[in-house]
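As numbered in the numbering used here, residues 1 to 590 make up the sequence shown, in order.
Since the hints were derived computationally from the structure, they do not count as laboratory data.
Be aware that a few hints might be false.
Here are the simulated BS3-like pairs of lysine-lysine, each with C-alpha atoms no more than 27 angstroms apart in a straight line [stated by the list, open to error]: (1) Lys294 / Lys277; (2) Lys269 / Lys256; (3) Lys59 / Lys277; (4) Lys50 / Lys577; (5) Lys269 / Lys218; (6) Lys256 / Lys218; (7) Lys50 / Lys294; (8) Lys107 / Lys269; (9) Lys107 / Lys277; (10) Lys294 / Lys59.
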Amino acid sequence: MPNVMTQPEKRPESLDGDVLPDLEWVGRVRCPGLTPDAAFLESWLDELGKSLAVFRYRKDFPGFWIAFLGGTGTGKSTLFNAICGEELSATGVERPKTAGAVLYAHKDCPVERHFPFSAVPVVRQAAGSAEAVPTSGRLGEIVLLEHDREDLSHLVFADTPDLDSVEAANRRIAEDLHDLSDGIVFVSSQEKYADDVPYRFLVRVAREGRPFYLLLNKAEQRMTREEVLEVLETEDVRFSADRLWLLPYTPGSPWKELPSSPAFQEFRKALLQDFSKERLGAHRTRRLRRESEKLAARLESLLTLLDAENRAAESWRRRLDALLAESTRRLIEEEQKRFSAESRAYLQAEIRRLFTKYDVLAKPRRFVREILLAPLRLLGMRGPAVPESHEKTLEKIRRKIDLHPIHAALDHLNRRVLEDLSPADADSPLYRKMRQPGMELSREEVREIVWKAQDELVLWLEETFARLAKGIPRSKEWGIYSTSILWGILIVSLEAVVGGGLSGLDVALDSALAPFVTKGAVELFAYHEIQRLARELAERYQAGLLSVVREQRDRYERALQSLMTDGSTRQQLESWKSALRARHREAETA
1 MPNVMTQPEK RPESLDGDVL PDLEWVGRVR CPGLTPDAAF LESWLDELGK
51 SLAVFRYRKD FPGFWIAFLG GTGTGKSTLF NAICGEELSA TGVERPKTAG
101 AVLYAHKDCP VERHFPFSAV PVVRQAAGSA EAVPTSGRLG EIVLLEHDRE
151 DLSHLVFADT PDLDSVEAAN RRIAEDLHDL SDGIVFVSSQ EKYADDVPYR
201 FLVRVAREGR PFYLLLNKAE QRMTREEVLE VLETEDVRFS ADRLWLLPYT
251 PGSPWKELPS SPAFQEFRKA LLQDFSKERL GAHRTRRLRR ESEKLAARLE
301 SLLTLLDAEN RAAESWRRRL DALLAESTRR LIEEEQKRFS AESRAYLQAE
351 IRRLFTKYDV LAKPRRFVRE ILLAPLRLLG MRGPAVPESH EKTLEKIRRK
401 IDLHPIHAAL DHLNRRVLED LSPADADSPL YRKMRQPGME LSREEVREIV
451 WKAQDELVLW LEETFARLAK GIPRSKEWGI YSTSILWGIL IVSLEAVVGG
501 GLSGLDVALD SALAPFVTKG AVELFAYHEI QRLARELAER YQAGLLSVVR
551 EQRDRYERAL QSLMTDGSTR QQLESWKSAL RARHREAETA
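Could you build all of it, start to finish, from the sequences and the hints given here?
Below, the structure is given as structure tokens:
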């Protein structure tokens, strides 16, 4: 029964005492996409996460990985079988022959332990069993053929799918096993070594610095190493001649015949010497030193990108604040336009009515008014005035609030934000986030915010009135400083502000109060106190209106912030980079 390896268990990682990150941090790294390089973030994170997983795996793995790579029809599987000494991987004229990766490893080799590519299950089979030989592998799996040979117990040979496979999953596993391997056996042929995809991979392998072997399979006898190297040098691929072997065409069963070829014997000897058990420690040290520096460099690039995104985000916020200031200025100007001469006349008339109603001559004047108005009421032309409660007065004022200027200011802000602050890349996270449903305040949300602000304003108004009213003598009315007049002035001021009197209220209130102010200290104090309260009332009302526009601004800012990498994650990345650089320096001095 095949043994399918499930996802490996987690364990604490360390690098000579320094904590290495697990792979969960990848999900915490994000950016809004305000800079050109941000488009590569996802691929950078994929590569960095994969490199880190390979590094963790290789650090403690007790052996060497040797990968056979090449294009379609070059004879990778034949050479894999010849090295292993068994017909393990299926060969033939059909293309492609290898459908999935095939490994050859000792039965006690811990290949699956902390395997870095956990999405691909490893299926163990006994080499030489009926179900195992010959195998073409299986798409989406890695077939591991077990042996008990002591001479190869420290080696894992990997026959990979074609680099130019039409299956993306096959190309990916070939890439992954290349990244995992300590040595690369690159197999080509006389007619294939200049093919585009395998050739580009050969260029990459030749420049990496790890041990590699170029096998030119099915080579004509008249072809020489010098000729091949000269052709490769014209394409800027340079390596020493002792890395190249020309293997002759072998009819019949090539994997059986190749071991008798001097060129193959020379290659096999070089491979097994390079990856002998005695060299395992030194090789691991060199590889970890090289890969720790590579990882540190990738982390450095990532941190540079995050820093650039942070700077761009700060600039974005400043521009957002400028648009907010522009929109609030338009809203205030629109509100002030509504405070017309008619509003000033209304304010003055209402305050005059208050003083007429509550001054010390109120009773005689009401008596006279009753005499004058009685005939009119008898004719049905005037009805008795019923004073309104505080609650009804405030509810009536709430209904007077005009939300159209706020909606216009929001529409202006939203339009300018999308025009001026959208990232250039329509696929960037922030571009998409800014256009998500619910990003713009709805009409219902606007009304709720305004009414909440008005409730808070009314609460302040009532608390202020209660505080001031405590100091007014109840035995007699002091003209301007009576509780009734005070409450009435505050309510009239609120009505004026709601009508647009954000800046004109102060002047209008002054002209309305002036005729009723005597030179007494109490009334002068009350006069200035009422003016101060009216100004504060206007400021609070204005802040309530502007809070709607600010909430829209804050909603955009929160969208940006949700796409930023938090400071603790960045600090962790910096710490990991430093640990890797320290590991590299220690390895160099060892």
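To see whether the hints hold, each was checked on the structure:
1. Lys294 / Lys277: holds, 26 angstroms
2. Lys269 / Lys256: Since the Cα atoms of Lys269 and Lys256 sit roughly 17 angstroms apart, the hinted pair holds (cutoff 27 angstroms).
3. Lys59 / Lys277: holds, 16 angstroms
4. Lys50 / Lys577: Holds, at about 16 angstroms.
5. Lys269 / Lys218: Satisfied, since the Cα-Cα distance of roughly 20 angstroms is no more than 27 angstroms.
6. Lys256 / Lys218: holds, 15 angstroms
7. Lys50 / Lys294: Holds - the C-alpha atoms of Lys294 and Lys50 are around 12 angstroms apart, at most 27 angstroms.
8. Lys107 / Lys269: holds, 24 angstroms
9. Lys107 / Lys277: holds, 17 angstroms
10. Lys294 / Lys59: The given pair, whose Cα atoms are some 15 angstroms apart, holds under the 27 angstroms limit.
Taken one by one, the earlier hints all hold for this structure without exception.
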